[in-house]
Every structure is written in C-alpha cells, then in structure tokens.
Amino acid sequence: MNDFWIEGEPVVDKAAPDGPVETRWERRKFAAKLVNPANRRKLTVIVVGTGLAGGSAAATLAEAGYRVKSYCYQDSPRRAHSIAAQGGINAAKNYRNDGDSVYRLFYDTVKGGDFRARESNVYRLAQVSVNIIDQCVAQGVPFAREYGGLLDNRSFGGTQVSRTFYARGQTGQQLLLGAYQAMERQIGLGNIEMNARHEMLELIIVDGKARGIVVRDMVTGEITTEFADAVVLASGGYGNVFFLSTNAKGCNVTASWRAHRKGALFANPCYTQIHPTCIPESGSHQSKLTLMSESLRNDGRVWVPKRAADCQKPAAEIAEEDRDYYLERIYPSFGNLVPRDIASRAAKNVCDEGRGVGPGGLGVYLDFADAIKRLGRKAVEAKYGNLFEMYERITGEDPYATPMRIYPAVHYTMGGLWVDYDLQSTIPGLFVIGEANFSDHGANRLGASALMQGLADGYFVLPNTINNYLAAGPFPSLSEQDAPVVEARKQVEDRIKKLLEINGDRTVDSFHRELGQIMWEYCGMERSEEGLTKAVGLIRALKEEFWTRVKVPGKGEELNQNLEKAGRVADFLELGELMCIDALHRRESCGGHFRAESQTPDGEALRHDDEFSYAAAWEYFGADGKPTLHKEELNFEYVHPSTRSYK
Amino acid sequence: MDIKVRVWRQSGPSSAGQMVTYDVKDISPDASFLEMIDVLNETLILNGDDPIAFDHDCREGICGACSMVINGVAHGPEKATTTCQLHMRHFKDGDVIDVEPWRAAAFPVIKDLVVDRTSFDKIIQAGGYISAPTGTAPDAHATPVPKKDADAAFEAATCIGCGACVAACPNGSSMLFTAAKITHLGLMPQGQPERDTRVIDMLQAQDDAGFGGCTNMGECAEVCPKGIPLSLIGRLNSDYRKAISKH
Ligand SMILES: Cc1cc2nc3c(=O)[nH]c(=O)nc-3n(C[C@H](O)[C@H](O)[C@H](O)COP(=O)(O)OP(=O)(O)OC[C@H]3O[C@@H](n4cnc5c(N)ncnc54)[C@H](O)[C@@H]3O)c2cc1C
Ligand code: SF4
Ligand code: FES
Chain G
1 MNDFWIEGEP VVDKAAPDGP VETRWERRKF AAKLVNPANR RKLTVIVVGT
51 GLAGGSAAAT LAEAGYRVKS YCYQDSPRRA HSIAAQGGIN AAKNYRNDGD
101 SVYRLFYDTV KGGDFRARES NVYRLAQVSV NIIDQCVAQG VPFAREYGGL
151 LDNRSFGGTQ VSRTFYARGQ TGQQLLLGAY QAMERQIGLG NIEMNARHEM
201 LELIIVDGKA RGIVVRDMVT GEITTEFADA VVLASGGYGN VFFLSTNAKG
251 CNVTASWRAH RKGALFANPC YTQIHPTCIP ESGSHQSKLT LMSESLRNDG
301 RVWVPKRAAD CQKPAAEIAE EDRDYYLERI YPSFGNLVPR DIASRAAKNV
351 CDEGRGVGPG GLGVYLDFAD AIKRLGRKAV EAKYGNLFEM YERITGEDPY
401 ATPMRIYPAV HYTMGGLWVD YDLQSTIPGL FVIGEANFSD HGANRLGASA
451 LMQGLADGYF VLPNTINNYL AAGPFPSLSE QDAPVVEARK QVEDRIKKLL
501 EINGDRTVDS FHRELGQIMW EYCGMERSEE GLTKAVGLIR ALKEEFWTRV
551 KVPGKGEELN QNLEKAGRVA DFLELGELMC IDALHRRESC GGHFRAESQT
601 PDGEALRHDD EFSYAAAWEY FGADGKPTLH KEELNFEYVH PSTRSYK
Chain R
1 MDIKVRVWRQ SGPSSAGQMV TYDVKDISPD ASFLEMIDVL NETLILNGDD
51 PIAFDHDCRE GICGACSMVI NGVAHGPEKA TTTCQLHMRH FKDGDVIDVE
101 PWRAAAFPVI KDLVVDRTSF DKIIQAGGYI SAPTGTAPDA HATPVPKKDA
151 DAAFEAATCI GCGACVAACP NGSSMLFTAA KITHLGLMPQ GQPERDTRVI
201 DMLQAQDDAG FGGCTNMGEC AEVCPKGIPL SLIGRLNSDY RKAISKH
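Protein chains in written order, with UniProt numbering: chain G, 1 to 647; chain R, 1 to 247.
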C-alpha cells in the first residue's frame with residue numbers, strides 16, 4: 001500500500017500470437033475474420049486525427065470500402081503535426097547491401113527501446129516497414145534519389161546501417177502529403193466524410209463497446225454526437241504537457257484522456273523523449289521550441305567552457321584548452337553521436353554545474369569550426385545550409401561565424417493508450433494508432449522510427465486487424481436519446497459551461513506554463529523520488545487553482561481558442577499527475593526515464609529487469625484519487641536484455 | 001521594444017470588421033511575431049477583452065496554418081518567411097504595424113485573422129493525387145526516377161498550402177498553389193497516367209471554388225514563403241493545353 005497508487009491485476013495481450021516471431025503477423029492475419037466487401041459499406045469507422053497514422057488509416061479503410069468519418073482540429077487534414085517531421089523514415093530495405101534486414105531493424109528497435117517493448121509488435125513493424133516505402137513511392141512521394149535514379153539512404157541517430165529514407169529535411173511533410181492526397185481522393189469519391197476544425201471531447205460507449213464520439217465544431221461551437229461501429233484514435237502524442245516542446249501548439253492529450261477516463265488503460269506515461277539538439281529558450285515570451293536535425297551532430301562538436309567563470313565570454317575568446325568537449329571526453333567511442341537520451345542528460349549535467357552558455361545558462365555549443373576547416377564552408381553549406389538558415393532566422397546569430405547554441409527539449413512521448421497486438425485498447429471497438437498508443441518503442445524511440453510506426457499502423461496493421469472486430473457488426477443503430485449518448489453529451493456541455501463560468505483572474509496559458517515548469521523540473525531528464533513526490537503535490541494544488549481561478553473569455557457558441565486550450569490544459573493537469581506517479585513507481589532507469597537513485601557508479605542508467613520488465617498500464621484515478629497499476633509482463637525470446645554501453 | 005499594432009477585428013463571418021489599435025510594450029526583439037500577439041492576447045484577456053483569433057500550429061514554417069497580412073504584405077516583410085518564423089527584430093521601436101487576414105473571395109473570414117481555406121482542399125480532391133490504393137504498390141526500386149526530376153518534384157512539393165499566393169494576388173487566383181501540385185506529380189513517372197485529367201479537373205475545381213483567373217501579375221511568387229517560382233504556372237498552362245488538345 002502507498003499514498004499514490006494501487007496495484008491491480010496484470011493485463012494480458014490476448015491477441016498476441018505465439019510461435020516463431022517471423023510468422024506471427026502472417027498467422028494473425030490469417031486467423032482474423034474477414035468482412036465481405038458488400039458488408040463493408042454498412043460499417044462506419046470514426047478516425048480521430050489526420051496525421052501519418054490517421055491519414056493513412058482513413059484512406060486505406062475507405063479504399064477497402066468502409067464508410068469513414070475523419071476529424072482533426074486544424075483547418076485542413078494536411079496540417080497535422082506529422083508535417084513537421086524532418087529527418088526521415090526507417091525501412092529494412094537493405095538497398096545499401098550493408099547487412100540490414102528485418103531482423104536487424106527488429107533487434108535495433110528492441111534494444112534501442114531499452115527492452116521495454118513487445119517483441120511481437122516490433123518484429124511486425126520491421127516487417128511492414130518495407131511495404132511503406134513502396135506505398136509512398138507509388139503515391140509520388142519525392143524521396144531523395146541518387147544519380148542512378150534509385151532511392152538514397154542515410155544512417156540516422158547512430159545506427160550502423162543506412163536504412164533511413166528521406167526527402168531533404170521535410171520527410172514528414174512529404175509523407176503526410178502522400179497520405180493526405182490519398183485521403184482527399186477518398187473524400188472526393190464520397191467515401192470519407194471530412195470534419196476539419198472539429199475537436200473530439202468525449203467517447204461514447206454503449207454496451208461496453210466504443211460506438212462514437214462527442215465533437216465540438218470549433219467554428220460555431222456546436223456540440224454533436226457522432227456514431228460508428230468502431231472508433232480509431234490517431235490523435236498524436238502529449239509532449240505539450242511540458243508547455244514548451246517541439247510539438248505543434250495544438251498537440252494535446254484530450255482524445256486519449258477522455259478514453260482513459262472511460263476505461264482505456266494508459267501505458268508508460270512517464271516515457272518521454274527529450275531531444276538534445278533544439279534551439280534554446282530566448283525569453284519569457286517563448287511559446288515553443290524548435291528542433292534542429294540530429295544530423296548536425298555528425299559534424300558539429302559539442303562543448304562548454306571548462307570553467308563556469310568563462311561562460312559569459314563570447315565563444316571566440318575561449319581558448320581551445322579551456323573548452324570541454326564533454327561528449328568526446330566521457331564517451332570516447334561514440335563521441336558526439338551518443339543516443340539522444342545520453343546526449344540530453346550530459347547537456348543538463350554540465351549546465352547544472354553552472355557551465356551552460358547563453359541566456360540563463362541553459363545551452364551548450366555545437367561548433368562547426370572544425371568541420372568548416374576540414375570540409376570547407378561550401379561542403380558544410382551543402383549539407384546543413386537550410387538548418388543554418390533556420391537557426392539564424394530564429395536566433396539572429398550566424399552559425400558559420402559563431403557556434404550554435406543548443407539545449408534539450410521534449411520531443412516525443414513513447415507512452416500512450418495501452419493496445420493489444422491488434423492495436424485495440426481495453427475498450428472493445430476502440431483502436432489506437434500512431435504516437436497516441438504505447439506500443440512499439442518501449443522506453444526510448446530511435447530516430448526515424450515514429451514515421452515508420454505511424455504509417456505501419458495506418459496503412460498496414462489496423463486495416464487488417466480491425467476487420468476481425470468489425471466482422472461482428474454492424475452493431476445496433478443508436479439514437480441521440482440513448483442514455484449513454486445523452487450522458488456523454490452532457491459531460492461535454494457541463495465541462496464547457498464550468499470552464500466559462502469560473503471567470504477567474506489567471507489565463508489558461510499561465511497555468512499551462514506553470515505545469516510545464518513543474519514537469520520539466522521534476523519529471524524531465526532526471527527524476528527522483530523526492531522530486532516526483534513534490535511534483536504530485538504541486539500539480540494537485542495547481543489543478544485546484546485552475547478550477548477556481550482560470551479565466552476563459554468569450555462564449556461556447558463561437559470560435560473560441562481559449563476555450564479549446566482550457567479543455568486541453570485541464571486534461572494535461574491530470575495526465576501530468578499520472579506521469580509523475582508512473583515515474584515514481586518505476587524505481588529504475590530505462591530509456592528516456594532516468595531515476596537519480598538508479599545509476600551505476602559512473603552515472604549511467606541502471607535498469608532492473610528482475611523487477612520492472614513490464615509495461616505499466618494505468619487505470620484512471622479511483623474515488624480515492626489513486627490510479628490502479630496493471631502490469632503487462634514482457635518476455636524476450638529473441639533479443640536478450642543487455643546493458644547499453646556507449647563508452 | 002514598444003510598438004503599436006492595428007489589427008483587423010471581426011467577430012464572425014457575417015459581421016462587419018474594423019482595424020483596432022493596441023499598444024504592445026516591452027516586447028523582446030527575439031520574440032516571434034506570433035509570440036508578440038500571444039503577449040498582447042494575455043493582456044487583453046486579463047483586461048476582460050476578447051483576444052485576437054488567429055490560425056497557427058507548428059510555428060516552424062511548415063504546417064501552413066499561420067496567415068497574416070502584415071503591413072500590406074502576406075506573411076510580412078521578410079522574403080521566404082512565414083508569419084510564425086518572422087521575428088520582432090525586423091521591426092523598430094515605435095513602429096505601427098498593420099495586421100490583417102488573408103483577403104480573397106475563396107477565403108472568407110471566420111473571425112479576426114482566421115479564414116476558411118477549405119477551397120484549397122477541394123482543388124486537391126479534384127485531382128491532386130496519384131491513385132495508388134494501399135497494398136498495390138510494386139517495389140520502390142521498380143521505377144528509377146532521374147535525380148533531376150525527383151529534386152524538381154520535391155521543390156514543387158514543398159508548398160505548404162498557406163494561401164499567401166492567393167492573398168497577394170489582385171485576382172485572388174490560386175494558380176501558383178495548383179501549379180505546384182501539378183508540377184510535383186507531373187514530374188514523377190507514377191504521376192503520368194492521370195496527368196491530363198488531373199490538370200483539367202484541378203483547374204475546373206479552382207474556378208468552382210471561387211478563385212480568380214491568373215493574369216500573370218507575379219505577386220504570388222513574391223510572397224510565397226517556400227519560393228515556389230512563377231515559372232511553374234507556365235508549366236501548368238502548357239500541360240493544360242496538351243491535355244485539352246487530346247480530349
Ligand atoms: C519537430 C519534429 C520532428 C520530427 N522528426 C521525426 C523524424 O524525422 N522521423 C520520425 O520518425 N519521427 C519524427 N518525429 C516524430 C513524428 O513526427 C510523430 O511522432 C508522428 O508524426 C506522429 O504522427 P501521428 O499520426 O501519430 O500524430 P499527429 O501527426 O500528431 O496527428 C494528430 C492528429 O490528431 C488530431 N487531433 C488531436 N487531438 C484531437 C482531438 N481531440 N479531436 C480531433 N482531432 C484531434 C490532430 O488534428 C492531428 O490531425 C518528429 C517530431 C517532431 C515534433
Ligand atoms: S504556393 Fe507558396 S504561397 Fe501559395 S500556398 Fe503554396 S507555399 Fe503558400
Ligand atoms: S504556424 Fe505552421 S507554418 Fe506558421
């Protein structure tokens with residue numbers, strides 16, 4: 001017994017096939033029930049989200065003959081946050097003949113996830129990765145090519161093989177436009193009903209099955225109930241719980257959280273990826289952080305002054321022998337190319353020692369002087385020109401002349417709604433895909449693997465597994481007057497009314513910023529029992545204050561951006577508490593989760609496989625204010641847990 | 001720095017709008033233009049006023065949501081820069097800055113600086129795609145694409161669908177946007193089978209959606225944050241003539 005959570009029954013993935021990992025997906029597809037084409041037209045699927053996951057799923061389901069209703073909060077499905085992904089997408093094509101294979105991608109992903117992901121899921125991801133590239137090329141995605149006309153590849157995030165496909169620094173944009181165009185084609189054909197500027201605010205459950213959603217039209221404020229035979233959430237990640245992150249401003253947890261409140265388990269909420277190469281904050285006006293591609297670390301050298309006293313001096317005045325190239329010093333074999341979590345934590349450590357540079361001492365140098373000397377300015381420009389330009393545009397500093405300043409920022413969330421092998425949550429008929437689910441990355445995601453997972457889920461996995469569920473449909477038709485429908489609608493209306501009535505004296509953003517600071521301080525790059533305990537208290541107090549002092553201007557029946565934000569922040573406040581409790585309960589360091597109490601004598605992460613080799617799936621806070629923990633044991637039959645070492 | 005902004009305020013699609021002047025004090029030159037509006041909005045809210053509504057999401061110049069006409073120029077004074085990537089260091093202390101929504105028949109104002117751009121999606125629906133249902137694709141290396149074509153297709157495909165080109169065009173024409181998509185898909189071998197119908201259908205759709213005709217003024221390319229060149233419109237026109245002559 002403890003003050004924060006209750007331990008419940010284990011949770012089991014009943015859809016997972018066993019036997020040889022290579023044929024599990026094949027066998028699952030074969031065992032799944034099919035829906036004949038004539039029946040598909042009678043079945044409706046709601047897809048919330050139009051990013052890589054939701055866009056690809058909506059298009060594919062519509063092509064298969066289902067009736068699809070799609071929702072996004074932006075004014076067009078093309079603007080989903082996936083559009084911002086830069087670096088690339090992995091696939092085990094082995095076009096480079098450098099020893100890559102499905103098995104190697106599987107192995108790297110399980111290991112990269114620090115042995116906290118399911119082998120079956122990861123193997124399937126690696127298998128379908130090759131189909132994704134074929135699909136995208138067929139849609140006309142203009143990937144980078146070599147002079148012979150074949151696709152170019154690069155190595156990304158420290159992998160030893162070149163398996164990353166890319167389109168300059170805009171891979172996400174090009175992949176998303178491919179999915180978006182496929183969607184628009186289906187919209188034109190009348191197979192998808194598109195509802196842009198519509199926000200899902202509640203899930204409708206009837207007879208234990210997910211049967212619809214309550215949405216708010218963000219232009220008129222009208223609340224409607226939408227029905228379907230199954231609901232798919234593809235609503236993205238929740239990095240914005242930190243207020244400052246590299247996510248788009250609108251990214252939120254509301255769709256997932258509403259489902260969680262109604263019974264869907266939320267797994268591993270504390271697994272957050274903090275990206276080492278972002279542009280540091282410039283002041284209190286800061287509204288988001290900008291990622292600089294990781295590829296910069298291939299040629300840039302990271303350093304800070306050896307002495308705190310030198311930190312105020314311009315970089316040029318610090319002599320070579322007074323610089324500490326700390327990554328090269330601590331990790332001689334990987335140097336500046338250590339994985340994201342390690343690079344981020346090392347930056348935090350030197351800044352905590354008072355050796356950070358720039359405003360507030362929250363930055364480290366990423367220096368290209370050597371690269372320019374070695375390769376010439378022209379070569380550096382050809383490789384990184386657009387990134388240097390972006391840096392200069394934002395900071396007003398010229399990175400050819402003075403070193404860039406970088407600092408870690410929240411980038412991706414590995415946690416999400418718990419799903420089984422079929423990507424179905426603990427609520428029958430509710431499927432979760434893309435960054436919104438918890439499935440494939442364990443405690444840490446490898447670079448270029450989120451785009452792969454989003455498209456794998458949407459193009460290839462979900463459209464197969466959902467048949468098995470829909471084969472039992474169509475389900476009884478619903479009416480506005482059915483009790484669960486009336487209730488879900490009332491929940492939304494009451495909440496909006498309450499938010500508007502408080503009329504306090506603090507803005508929504510001020511609460512969001514404060515929550516973000518608590519999360520960053522105590523549930524960021526390094527976590528401790530003491531800090532997390534404190535954070536839970538602070539968040540609970542902040543939540544109370546929010547519901548008594550927030551000021552939301554305007555009405556519900558109009559375009560009201562502060563009302564939208566207020567609803568999202570209210571959910572972030574609950575999620576933040578759960579993240580801290582999850583981080584508190586996991587008394588080990590793994591992947592993106594570093595517990596101060598669990599480190600080796602030389603300060604590296606220490607996992608405890610004996611105690612924590614499980615996914616932590618949480619049930620929503622009970623009446624006593626405590627969430628219930630359900631553990632899903634993880635078994636490693638192929639890739640045996642080992643310790644990561646980058647020294 | 002201290003500045004004044006004169007912002008278009010319009011409470012709903014059918015209400016009349018007007019420019020309203022606000023003081024913004026002590027704003028950092030490192031703040032972005034949207035962060036300056038954020039700061040202003042925080043004050044408006046606490047004073048009991050209605051904050052300014054505006055579209056934005058990525059704030060990285062890639063989603064195409066942000067859309068402000070600043071001092072008469074779509075996306076403001078900096079070349080090849082979206083509103084969200086414009087920083088206050090490009091303005092001076094004491095400046096008075098006008099901020100208005102996109103104005104075009106096909107982009108009606110919803111509220112303040114927020115406009116309705118679903119007409120762009122309609123153009124894509126009409127043919128801005130390659131029909132390749134999931135699961136039917138051959139191996140990605142089955143058809144090599146000359147690097148030159150792939151690169152040029154990519155350049156055209158970087159259009160973010162923001163609509164600045166339409167806002168800047170005296171005719172409210174969407175030709176640059178449509179030409180970017182026609183060029184992207186028309187340069188890829190996979191895009192050839194639908195090339196003729198695509199251009200015919202997309203041009204029809206832009207007329208139907210209320211966009212104006214193109215008279216080659218070139219204002220669109222001037223403001224395009226992604227540097228989509230005017231020459232692509234020539235390419236579109238030539239594709240169109242070829243397509244019409246065959247049909
Ligand atoms: C700057 C940046 C760079 C990145 N670069 C890479 C990279 O190089 N390679 C890589 O693999 N990954 C990268 N990632 C990660 C990757 O982009 C994301 O994980 C991935 O795109 C998520 O896709 P998604 O479809 O799950 O969700 P999203 O693209 O976030 O889409 C979410 C959708 O849900 C909708 N939505 C959300 N809530 C609601 C609601 N309540 N009601 C209605 N609609 C809602 C939104 O409108 C949107 O359409 C990057 C991420 C960032 C931030
Ligand atoms: S062509 Fe340029 S201005 Fe027009 S929508 Fe595309 S990116 Fe925006
Ligand atoms: S907010 Fe996305 S382009 Fe400006």
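FYI, nobody ran anything at the bench for these hints, they're computed from the structure. Treat the hints with care, since some could be wrong.
Simulated restraints, written as ranges between beta carbons of each label pair [unchecked claim]:
hint: 1; chain 1: G; residue 1: E328; chain 2: R; residue 2: D149; range: 40 to 46 angstroms
hint: 2; chain 1: G; residue 1: N635; chain 2: R; residue 2: D149; range: 58 to 64 angstroms
hint: 3; chain 1: R; residue 1: R89; chain 2: G; residue 2: K498; range: 37 to 43 angstroms
hint: 4; chain 1: R; residue 1: D139; chain 2: G; residue 2: G603; range: 58 to 64 angstroms
hint: 5; chain 1: R; residue 1: R103; chain 2: G; residue 2: L478; range: 28 to 34 angstroms
No more than 25 angstroms apart at the CA atoms, straight line, and that leaves these computed lysine to any residue pairs for SDA-like [what the hints assert, rightly or not]:
hint: 6; chain 1: G; residue 1: K555; chain 2: R; residue 2: K242
hint: 7; chain 1: G; residue 1: K551; chain 2: R; residue 2: P51
hint: 8; chain 1: R; residue 1: K148; chain 2: G; residue 2: G554
hint: 9; chain 1: G; residue 1: K249; chain 2: R; residue 2: I70
hint: 10; chain 1: R; residue 1: K246; chain 2: R; residue 2: A221
hint: 11; chain 1: R; residue 1: K4; chain 2: G; residue 2: S284
hint: 12; chain 1: G; residue 1: K29; chain 2: R; residue 2: T136
hint: 13; chain 1: R; residue 1: K147; chain 2: G; residue 2: K565
hint: 14; chain 1: R; residue 1: K147; chain 2: G; residue 2: K555
hint: 15; chain 1: R; residue 1: K148; chain 2: G; residue 2: G149
hint: 16; chain 1: G; residue 1: K551; chain 2: R; residue 2: A152
hint: 17; chain 1: G; residue 1: K313; chain 2: R; residue 2: D30
hint: 18; chain 1: G; residue 1: K373; chain 2: G; residue 2: P359
hint: 19; chain 1: G; residue 1: K378; chain 2: R; residue 2: K242
Ideal Cβ positions, reconstructed from N, Cα and C, are used throughout, including at glycine.
Exercise. Going back to the hint list, which numbers does this structure go against?
Worked result: As far as the earlier hints go, 2, 4, 5, 6, 8, 10, 13, 14, 16, 18, 19 are violated by this structure, in ascending order.
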